[in-house]
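Following the hints, put chains B, C and D in place on chain A, whose structure we already have.
4 protein chains.
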Amino acid sequence: MPCIHYCHSLPHASASFHRRLEHASSSTSTKGFPSMRHHRTSLGLHPLAPLQDDHAKHERQDLFWSRVRTTLREPFSEFWGTVIMISFGNGSIAQVLLSTGQTSGAPGGSGFGNYQSVNWGWGLGVMLGIYVAGDSGAYLNPAITFSNCLYRQLPWRRFPAYFTAQLLGSMVGSCIVYANYISAIDYYEGGHGMRTVPPAPKATAGIFATYPQPFVTKASQFFSEFIASAILMFVIFALKDRANMGMAKSDQWFPFMLLFLVFGMGSCFGWETGYALNLARDLGPRLMSYALGYGSEVWSAGGYYFWIPMVAPWLGCIFGGFLYDAFIYTGQSPVNAPFLGLSHFFHPRREVRAKLQAEKDLQMV
Amino acid sequence: MPCIHYCHSLPHASASFHRRLEHASSSTSTKGFPSMRHHRTSLGLHPLAPLQDDHAKHERQDLFWSRVRTTLREPFSEFWGTVIMISFGNGSIAQVLLSTGQTSGAPGGSGFGNYQSVNWGWGLGVMLGIYVAGDSGAYLNPAITFSNCLYRQLPWRRFPAYFTAQLLGSMVGSCIVYANYISAIDYYEGGHGMRTVPPAPKATAGIFATYPQPFVTKASQFFSEFIASAILMFVIFALKDRANMGMAKSDQWFPFMLLFLVFGMGSCFGWETGYALNLARDLGPRLMSYALGYGSEVWSAGGYYFWIPMVAPWLGCIFGGFLYDAFIYTGQSPVNAPFLGLSHFFHPRREVRAKLQAEKDLQMV
Amino acid sequence: MPCIHYCHSLPHASASFHRRLEHASSSTSTKGFPSMRHHRTSLGLHPLAPLQDDHAKHERQDLFWSRVRTTLREPFSEFWGTVIMISFGNGSIAQVLLSTGQTSGAPGGSGFGNYQSVNWGWGLGVMLGIYVAGDSGAYLNPAITFSNCLYRQLPWRRFPAYFTAQLLGSMVGSCIVYANYISAIDYYEGGHGMRTVPPAPKATAGIFATYPQPFVTKASQFFSEFIASAILMFVIFALKDRANMGMAKSDQWFPFMLLFLVFGMGSCFGWETGYALNLARDLGPRLMSYALGYGSEVWSAGGYYFWIPMVAPWLGCIFGGFLYDAFIYTGQSPVNAPFLGLSHFFHPRREVRAKLQAEKDLQMV
Amino acid sequence: MPCIHYCHSLPHASASFHRRLEHASSSTSTKGFPSMRHHRTSLGLHPLAPLQDDHAKHERQDLFWSRVRTTLREPFSEFWGTVIMISFGNGSIAQVLLSTGQTSGAPGGSGFGNYQSVNWGWGLGVMLGIYVAGDSGAYLNPAITFSNCLYRQLPWRRFPAYFTAQLLGSMVGSCIVYANYISAIDYYEGGHGMRTVPPAPKATAGIFATYPQPFVTKASQFFSEFIASAILMFVIFALKDRANMGMAKSDQWFPFMLLFLVFGMGSCFGWETGYALNLARDLGPRLMSYALGYGSEVWSAGGYYFWIPMVAPWLGCIFGGFLYDAFIYTGQSPVNAPFLGLSHFFHPRREVRAKLQAEKDLQMV
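Just so you know, the protein sequences line up as chains A, B, C and D, in that order.
Counted the way my numbering counts, the first sequence spans residues 1 to 365.
Counted the way my numbering counts, the second sequence spans residues 1 to 365.
Counted the way my numbering counts, the third sequence spans residues 1 to 365.
Counted the way my numbering counts, the fourth sequence spans residues 1 to 365.
Because the hints were derived from the structure by calculation, they are not lab data.
Even for Gly, the Cβ is constructed at its ideal location relative to N, Cα and C.
Calculated lysine-lysine pairs in the DSS-like style (CA-CA distance at most 30 Å, straight line):
1. D:Lys202 - A:Lys218
2. A:Lys202 - B:Lys202
3. D:Lys240 - D:Lys360
4. B:Lys202 - C:Lys202
5. B:Lys202 - C:Lys218
6. D:Lys202 - D:Lys218
7. D:Lys202 - A:Lys202
8. A:Lys218 - A:Lys202
9. B:Lys202 - B:Lys218
10. A:Lys202 - B:Lys218
11. B:Lys240 - B:Lys360
12. B:Lys240 - B:Lys355
13. C:Lys202 - D:Lys202
14. C:Lys202 - D:Lys218
15. D:Lys240 - D:Lys355
16. C:Lys218 - C:Lys202
Label-pair ranges, simulated between beta-carbon atoms:
17. B:Thr217 - A:Ser296: 27 to 33 Å
18. D:Thr103 - A:Pro160: 39 to 45 Å
19. A:Trp299 - B:Gly190: 51 to 57 Å
20. D:Val68 - A:Val352: 24 to 30 Å
In isolation and in its complexed conformation, chain A is listed as follows:
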């Protein structure tokens, strides 16, 4: 049984993989579906879905829904990966928060979990989400998708489809958690339909979106999200850099290491602002909690904190990726260009045209 070995962040390897797919597909089933290639291209996706040869040859791929599934493969993957991530992440906060202080019927006599459980919940949510999504290079986080476009030759036109899938997925994930814990939220808040936002004493909005600690200044809020995102991106690029440590950082270990990376983020930089590090993780559940009746305070709480986890992760990921590429990465990157890549700003059109041409040569468009 042939096994596809995805080679991320190495455009030529990726291209060769797709050429192989191309070959396999054109000789078999996809031939008959020029429309699928067209649909995928118009969505900004690679003309060919990343499917295993065996499965691609399957006789039933002609069915209508199979074609939909293949056409929307990456968006579906990102969507469900984010659903899983948010289900575990928001679910862990819900369980720990709502059971705080419960003594009767609680093994150990003090609730059902502690803050560390929340860290494990997010860590393994990300890991299992990546297993579900496949290793798409998108990592369930628009800021990381963005950095991969910027530094690792992921085509920009992929971005909108990934972004949409991630945001929808996080909304659905937080919905599942809300539906699961609705009677417990009523019980904890102290009445049917009561919904409050921090710093209210029995607030449950923190299950869904992040809210900062009250004593943290606006600058510290921003810096905390910024620096944590930068470390996140820096380490992810290190984990994906095959030139750095050879086979020790194979794809087999990558999702597992993200478990510890995210767990560590929560253990070391998670207190002040709740380590959103991710627009989709924060905005999706925030929208959902607004729609479900938590009121406009989900936006105004913490001095209109909501925009910080929307903005800081992008800048942080860009900065972290820049540091890695400037000091360690030796592969193809805009930073490995004259004037550390700043020339791109002087001749943007020329750059864009050259890149598009290169992608066409590699049949990535």
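Frame of chain A; chains B, C and D shown alone:
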């Protein structure tokens, strides 16, 4: 030394493995035992036991007990795997619950474990149980066995033997825990032979079966077990889908990832209803605790809650498997059929006949 | 660089490995040292030390100390592996117990660890100990060594050297912990040189050896150690059984899985008697604590409990190994013999002679 | 895509790797840059940077900054690896300490983490730091670098560049943590700009450097750091010794095992002195906290404790490495020399000359 590489959920690979076995066996020892093939077939098992060639050739396989062991290989595996799973799982609850609040002689001054220990206990119990059971595709859980029959071509006639072994194993496992902690239960309940069921203040029945939190409505009870089972099945199918992420999800990682999946279930969806997610895990110990003197309240507690962990996991696993196959899976599955597999309901007999014929061709019957 | 792949529990593979070594050695350096083979044989060890070819050829292997190191390779490995295991295990209890309730200067405000830290300490102590000892099949535990002799063809004459090394190692390991925490023990006990044994309120003897909970009956004490040892042995045999699940249980995963197995033992069966499961782990530190001034109560405490962790693990491991071989194992084992191996008792001399002859044929003597 | 497999601690393998690199490079890009080789040699580094062939051939390696990056590859790697290690390590202490006792808005009702979170923080900081740094053999710790020079043929002239990078990295890492938690430190200490050192009741200096428990004697302080460093070095050498257990200790597992080793250090030997085990980890943040206004008490606290984590780790690592080489290691090591390597002291010049010549033969200079 030849090493068998099990290829799960891919029927043709599995078949080729069995053909190889067939060849190896027919030329050596099994030839003389048509009765073993007959016995195994009548139990619904594959005619040939999944044994390594080396061992199959062993000279002493003709002994009476060796033939029993080979004939009942999968049921024995499932039985002992479930025993191990329940021993660790129920054992962790027993230790944490019964030592709650103990200060003298307890390192750290507060009992011997906390709620997180229970999550680790179930997680590693499942992992070590799978190592013991071999990766049979059954996962010590009848609802998952059922979903594998429904979506992954595990023949239906395997189901009764697996189910029986799982249920008996969970009863024996909870028996071991009871025997181990009998004096501690007496001490905790406050008298020799006292046995109470939640919500009694010193109830110990929660060591064995699951009981819901008092404030959770019947609908929330059902939904909690349903959605957690759906996530469980969805992620297991993702972890087993070789087309999704290639070698990164090899069999080597699978049992280890189940540790985190089950740990996460307990950390994120374990409070309201105790995350049974498994008829065998709940019904077996419940029967045992009834037999051991906890009284009829094991059935009536929580508003006759007992039927929910018997029913919800099946529906949840079926739903989770359906979602995975509908949106991500591209291999052979009834969902990858016209009308999302609903045609099976229109022509059930034709389908059954075709499937049986295919299995016969692959020598799986 | 050639890499030695140890094939445990498969006598013929092990023999072929040693034959290879034989060949490599006889043509190079060992030739000149018939005395080393003699010394090793007289210690009950394999005539040839399990060394990598490259290293064996090293020019400086003729030095006196190098020959000592090679001659005593397995005892040295077991010794240091046990030292590491006990250092971490006893060290974790010391740190958690002695810092119980400390609030000032403690991050989190409640001591330096909790009961779970003790479980992690023993789990990773065993794992790192196995890495240090190499995977000798002895597992730093005389009862497991014994079971490997009984069921897995480890020659009996190996036993005394392994046993001695394990016992000495555990004494040295507990000595290191005592030396490290001596001023903290003085502080905790409330005076210089004060040393008390449970159930004294400030007892510290529990750092070294195990003492049962006061309410546990003698029968429960015995059963707890017995059943936990049986589960330990059962799962270890499953993890080592290559016919059970193929490559998924390779040697690469084995030490890591022992981390979780031992962690689980502590989380699920560790409260009542302290999960010694190992004569060396308990007797060595107990002797050491007796010698260091804890008084004769180390023997009399818990109703002369000390003999239970000396006896129960042997019987438990024998029982657990028997269950695995009777119900699952299909390789060579005395249980896979007529009358489940009971014939050995009828013709012991004939059996012993045949086994010795077989070992001689394989050059294992 | 060729994959570089680093072969650590085996000088001949390392040499052959570099020869391969040499070949690859001399035929392609590096030819034109004799100055880079010169610069690297004058820094004590190997003349050729350890780069993957593919990347080395990259067209843009001629740019000024690319050449700087290649010239300073190992120092940059060590620098950023230490930054990551200290960010997570110091960050975890900061979060747990500063949130101690917080009840409102804390899931679980008691702060954001406990002492175990600190152990995880340091463990995963080391692991991720090694992933970032590549497996340079330096391990972000000058004492370990030193031991590798002493026992594993890492040339001494590499030491200054590694040491400088490690110290600078730890200063920058602690700076990041300080900047991130500055408003929380103000809040915890009770006033803007208040900075106190243990044993002050609200001291926060312990976030950065280590301070001993008050009751620990000077001798116990020293012994605690000494013995923990010895165990650290002993286990690392075991994990790196390919002759000990074959492939089970491949490079793939090494960084992950360091997670548990460091976690275990903190769980078992972390209370009395804070397990610095590393001059860079302790001195860098101490210098930084001195510069940032914690006053001269960072030096005088604990009876001028500061010199112990500067001295004890060196002696401990030397002792631990000696034990491993004397009792277990069979490869090339000064301990495997006449009189256990003491002859080096009698003829130092001859030894040095011979070693330099050998290195030149291997093109390591």
